[in-house]
Amino acid sequence: MIEPGTHAPDFDLPDQDGKRVALRDLEGQTSVLAFFPAAFSPVCTDQLSIYQEVLPDLEARDTHVYGVSVDNPFSLKAFQDSLGVTIPLLADFHPKGEVSQAFGVYVPDRGVATRALVMLGPDLVVRWAHQPPSPLEIPGANLIFDALDAARAA
Amino acid sequence: MTRHEPPDASLGSSPIPPVGEDDHSRGEGPLVIEYADLECPYCAKANMLLAELPITRVFRHFPIVSKHPRARVLAHALEAGGHQGAFWELHGSLLEDQGHLDDPHLWERCERLRLDVGQFDRDRRSEAVAERVERDFRSGVRAGVMTTPTLFVDGVAHPGVPDAALLDRLAG
Chain B
1 MIEPGTHAPD FDLPDQDGKR VALRDLEGQT SVLAFFPAAF SPVCTDQLSI YQEVLPDLEA
61 RDTHVYGVSV DNPFSLKAFQ DSLGVTIPLL ADFHPKGEVS QAFGVYVPDR GVATRALVML
121 GPDLVVRWAH QPPSPLEIPG ANLIFDALDA ARAA
Chain W
1001 MTRHEPPDAS LGSSPIPPVG EDDHSRGEGP LVIEYADLEC PYCAKANMLL AELPITRVFR
1061 HFPIVSKHPR ARVLAHALEA GGHQGAFWEL HGSLLEDQGH LDDPHLWERC ERLRLDVGQF
1121 DRDRRSEAVA ERVERDFRSG VRAGVMTTPT LFVDGVAHPG VPDAALLDRL AG
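Protein chains in written order, with the numbering used here: chain B, 1 to 154; chain W, 1001 to 1172.
Worth flagging that the hints you see were computed from the coordinates, not collected in a lab. Among the hints, erroneous ones may be present.
Label pairs and their in silico Cβ distance ranges [what the hints assert, rightly or not]: (1) W/Leu-1113 x B/Asp-109: 53 to 61 Å; (2) B/Gln-29 x W/Pro-1018: 35 to 43 Å; (3) B/Asp-12 x W/Trp-1107: 48 to 56 Å.
If the Cβ cut is set under 8 Å, some of the chain B residues that face chain W in the computed set are [stated by the list, open to error]: (4) Asp-17; (5) Asp-46; (6) Ser-49; (7) Ile-50; (8) Gln-52; (9) Glu-53; (10) Gln-80; (11) Asp-81; (12) Gly-84; (13) Val-85; (14) Leu-136; (15) Ile-138; (16) Gly-140; (17) Ala-141; (18) Asn-142; (19) Asp-149.
Sample of chain B residues with no beta-carbon within 12 Å of chain W, all distances over it, derived [unchecked claim]: (20) Ala-78; (21) Gly-104; (22) Ala-150; (23) Arg-152.
A quick note: this is a predicted structure, and the numbers were derived from the prediction, not measured. All C-beta atoms in this analysis are idealised placements derived from N, C-alpha and C, irrespective of residue type, glycine included.
Here chain B stands alone, though its shape is the one from the complex (with noise of 0.2 Å):
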């Protein structure tokens, strides 16, 4: 997986709606990037429902979620309107799995992103990167106010 302190690698993807977010326009903010294997895995449903709950504490630190998985964007359309949530999800479809390639969450044997969560700071830069033991274990939203409170403190 990508280290902390690198740049993050260029990207360019389509989210659930057919708009381009890039690299470039994650600029200025803090970003968080929670990568997953798939739409519609019920461990998936859990995270991103308790990473919705609490965006406003996010916001308040401009601090913006953004899943991203390998599924084609009108899935991820359907995931989002079943999940009921507002965070963008980042269709990592074509060229398959390229961007998950780049930041070192793809499992090649089974064609997806592993259950990752990587944080990038207002230069781009990657601040920190976690990935759980296993990606049954869904990483809490407690570590990413940890992940703040660090660089707050750093």
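With chain B held as given, fit chain W onto it using these hints.
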């Protein structure tokens, strides 16, 4: 959504708070602290399983509104029921019939439990009740709760419906 803590009150990691005087607690036996969402079907199932056990049960609110649009409204209603001494009766009634959770159903429950409906409505919309629910929710986030129900036994989190091993252990 109204937030009741300043934005600099971080949600960074912290263990769940110890049981306090205003926690909702009942029963005797090993302590089980439960973070739950009243509209969540898994919480309803966990409720059935835990009801049988000789445990001290502490209920904390963890409404996930994006998934369950009525979750926070119901959490507030339950707190308001608690103000009239009917916390556990209302808790059981909500989780045992999740098909009827609209306002008229809540009022009907109040009448059945002989609660003052006007007072119930004022209480459930009060700032104090909202703060109480939010405090529970935030304590769960800080402890890494990511699904409902999540049970804490001896300080260890058990996410999801309790499995047979945990139930056996709690049954003594």
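How the hints compare with the structure:
1. W/Leu-1113 x B/Asp-109: 53 to 61 Å: holds, 56 Å
2. B/Gln-29 x W/Pro-1018: 35 to 43 Å: holds, 37 Å
3. B/Asp-12 x W/Trp-1107: 48 to 56 Å: holds, 53 Å
4. Asp-17: Cβ of B/Asp-17 sits 18 Å from chain W, so the hint is violated.
5. Asp-46: holds, 4 Å
6. Ser-49: holds, 5 Å
7. Ile-50: With a closest approach of 5 Å, the B/Ile-50 hint holds.
8. Gln-52: holds, 4 Å
9. Glu-53: holds, 6 Å
10. Gln-80: Status violated, d = 10 Å.
11. Asp-81: Since chain W brings no Cβ nearer than about 11 Å to B/Asp-81, farther than 8 Å, the hint is violated.
12. Gly-84: holds, 4 Å
13. Val-85: This interface hint holds because 5 Å falls under the 8 Å limit.
14. Leu-136: violated, 10 Å
15. Ile-138: It holds, given that the least Cβ distance between B/Ile-138 and chain W is near 4 Å, below 8 Å.
16. Gly-140: holds, 3 Å
17. Ala-141: With a closest approach of 5 Å, the B/Ala-141 hint holds.
18. Asn-142: Constraint on B/Asn-142 satisfied, holds at 4 Å.
19. Asp-149: The hint holds - B/Asp-149 has a Cβ within 8 Å of chain W, the shortest such distance being about 5 Å.
20. Ala-78: holds, 15 Å
21. Gly-104: Holds: least Cβ distance 24 Å, greater than 12 Å.
22. Ala-150: Its Cβ does come within 12 Å of chain W, the nearest being 9 Å, so this is violated.
23. Arg-152: violated, 9 Å
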